[in-house]
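S.K.: Chain by chain, the residues run as shown.
Number of protein chains: 2
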Amino acid sequence: MKKHNYSAGPSILPQEVFEKASQAVLNFNNSGLSILEISHRSKDFVAVMDEARSLALELLGLEGKGYQALFLQGGASTAFLMAPYNLMKENGKAAYLDSGTWATAAIKEAKLFGETVVVASSKEENYNHIPKGYTIPSDADYFHCTSNNTIFGTQIKDFPATNVPVVCDMSSDIFSRQLDFSKFDLIYAGAQKNMGPAGTTLVVVKEEILEKNGRTIPSMLDYAKHIKAESMYNTPSVFAVYVSLLTLQWIKAKGGVEAVEKLNDAKAALLYAEIDRNPLFKGAAVVEDRSKMNVTFLLNNPDHAAAFDALWKEAGISGLPGHRSVGGYRASIYNAMPIESVQVLVDVMKALESKV
Amino acid sequence: MKKHNYSAGPSILPQEVFEKASQAVLNFNNSGLSILEISHRSKDFVAVMDEARSLALELLGLEGKGYQALFLQGGASTAFLMAPYNLMKENGKAAYLDSGTWATAAIKEAKLFGETVVVASSKEENYNHIPKGYTIPSDADYFHCTSNNTIFGTQIKDFPATNVPVVCDMSSDIFSRQLDFSKFDLIYAGAQKNMGPAGTTLVVVKEEILEKNGRTIPSMLDYAKHIKAESMYNTPSVFAVYVSLLTLQWIKAKGGVEAVEKLNDAKAALLYAEIDRNPLFKGAAVVEDRSKMNVTFLLNNPDHAAAFDALWKEAGISGLPGHRSVGGYRASIYNAMPIESVQVLVDVMKALESKV
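So the sequence lines, in the order shown, correspond to chains L and W.
Note that full-length UniProt numbering numbers the first sequence so that position 297 is 297, with each residue one more than the last.
Note that full-length UniProt numbering numbers the second sequence so that position 129 is 129, with each residue one more than the last.
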């Protein structure tokens, strides 16, 4: 039986993507070869990479606006150090918003490169909200934020206006909602939430901000080198890029980010409504900053945990336990999660209510 | 029809690996979940990573000898910069053997970190042989070499004796032959030749050489941090690690590296014998340094190219054209290549002889 997979990442992808990917492992494009054994320089794979790069820009509304999309390796964790390497001047400084665990990890790497100003932090409240009302120094080389905090279940709704380049880690909500993406200068996202399997990282960068900070950058960490090589500076993560393309094609076929966002809104509304209605549960994050991707919630009475856990496991749900930093539960309802699966969870929450 | 895949990388893997991998994309370990959607922290995947790490050491005869195996992202190209970052002292120096394109790329990155002595080079002869008779400075922080040169078809048979740590890029011949691997201190290999699909890199490192060079290393570039995190410092390339494990299991089931080497010897002997016998062909590399993984050869008369190309394509062979730096042909006969496929190529070479 197929599970209702609420895993925070790697996470659910569309069933048709799994089926096409499985077939390509045996015989890709009817070539008589597995996708795992073809040269990344083959015509067939170059076409995959080119389409994935252009479709990523198209879905974000960034075509023809001076941006390049790359599919690199190393995850967002490698982007944490590539951002300052590529953008922070020697003796320059960067501004960071500390909204959670991954923001903190990004800040740690930036500090190795120079002055790193934390403009605001919600750490004291265990990151249950997005800090607001801060000032970004106008002489910063860039401002860095995390659009969605997977662990804490918070999401930035309004991005700050600033005159400095904006860098954003969108690992857990890329392609899930419409934004004016042209307000960002560098976006990166590990594929393994809304876009594909672990093993590739989407980087979307405004070309004009690169090659200006005067640092000597090792080749594999240099965004400009990857752009020149059309995202093939070295052997890319072929299969992960292919599965990402399949997922991007699925988003486009659904009607693009606009259509997917409507479904995401409906799923989040359904689940938060139950959390707010059901006297047994409470949300973990401040209401106005609630994430539409990672819904964190707690039992008011921890004694109900055993009964609740038995119920959702029985219903074929997996991946629901919360991160240890928050406790309770976390329902990750990424793009590929059907609303029917969310209804299963809501029904389980109701069943608990009538049981206890 | 399944092709005879001579691609230099990504390259052929065992058919049973493709079949198991394809199945796991639909339903991994009968869990009701795809391998692409499971958490890397799940019990099932932690078991995969643990077994892959210990099996890699076992197959190399390095268990219990102070080594750790890691499956990282970024390919050998990222290892090119991680080697100096982790091993070269500030104001230290490293010694490199320049035996081909990838060695040159490694040297380029090392130079960003400090004095980089090239102890010998075969560049003047278009890398048609492995340089010998050089001296490794006894005060170098390490000596770096490339065990097999994929592009030029040469392979180191005797590694130099030295008192300094030895770093070796074994991307294209790892697990293909027996060596005393305990003579190496750091081995790295992109998976996509003998070990798995593109997207993960095996690193085998003697723990005692790390954390001694005094540099501040960004987290994702720090081998010691990856060891402490048991190769899960960030989300690993889950699927690529799983397929690598399947391939390592296949090697073990075959009888380990010793048994695989015998098959590789037989395949290489069969093909080189035909190259030397057939008056239409000649080998590209000096005989004593010929690679048993990448067999480079040329037509004596380029006018025969059209006829030869038609013949091998007709026979279901793919991936045979040589790299532009050498021209001619390159037959990559990695572990998973059956001797029957090599015989098909030999038969085609004979057919050309009787035709022209």
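One or more hints might be untrue.
One copy or two, either will do: identical chains are not told apart, so a pair holds if it fits within one copy or between any two.
[What the hints assert, rightly or not] Lysine-lysine pairs mimicking PhoX-like chemistry, simulated, CA-CA at most 20 Å apart: (1) Lys350 to Lys262; (2) Lys20 to Lys2; (3) Lys123 to Lys108; (4) Lys206 to Lys262; (5) Lys111 to Lys225; (6) Lys132 to Lys350; (7) Lys20 to Lys252; (8) Lys282 to Lys350; (9) Lys3 to Lys254; (10) Lys43 to Lys3.
By construction, these hints were calculated from the structure, which means they are not laboratory data.
From a predicted model like this one, the values you see are computed outputs, not experimental measurements.
S.K.: All hints are to be evaluated individually against the structure, with a verdict given for each.
M.R.: Hint check:
no. : hint             : verdict
1   : Lys350 to Lys262 : neither (25 Å within a copy, 64 Å between copies)
2   : Lys20 to Lys2    : both (17 Å within a copy, 19 Å between copies)
3   : Lys123 to Lys108 : within (15 Å within a copy, 42 Å between copies)
4   : Lys206 to Lys262 : neither (28 Å within a copy, 52 Å between copies)
5   : Lys111 to Lys225 : between (24 Å within a copy, 17 Å between copies)
6   : Lys132 to Lys350 : neither (35 Å within a copy, 75 Å between copies)
7   : Lys20 to Lys252  : within (16 Å within a copy, 30 Å between copies)
8   : Lys282 to Lys350 : within (14 Å within a copy, 76 Å between copies)
9   : Lys3 to Lys254   : neither (22 Å within a copy, 36 Å between copies)
10  : Lys43 to Lys3    : between (37 Å within a copy, 16 Å between copies)
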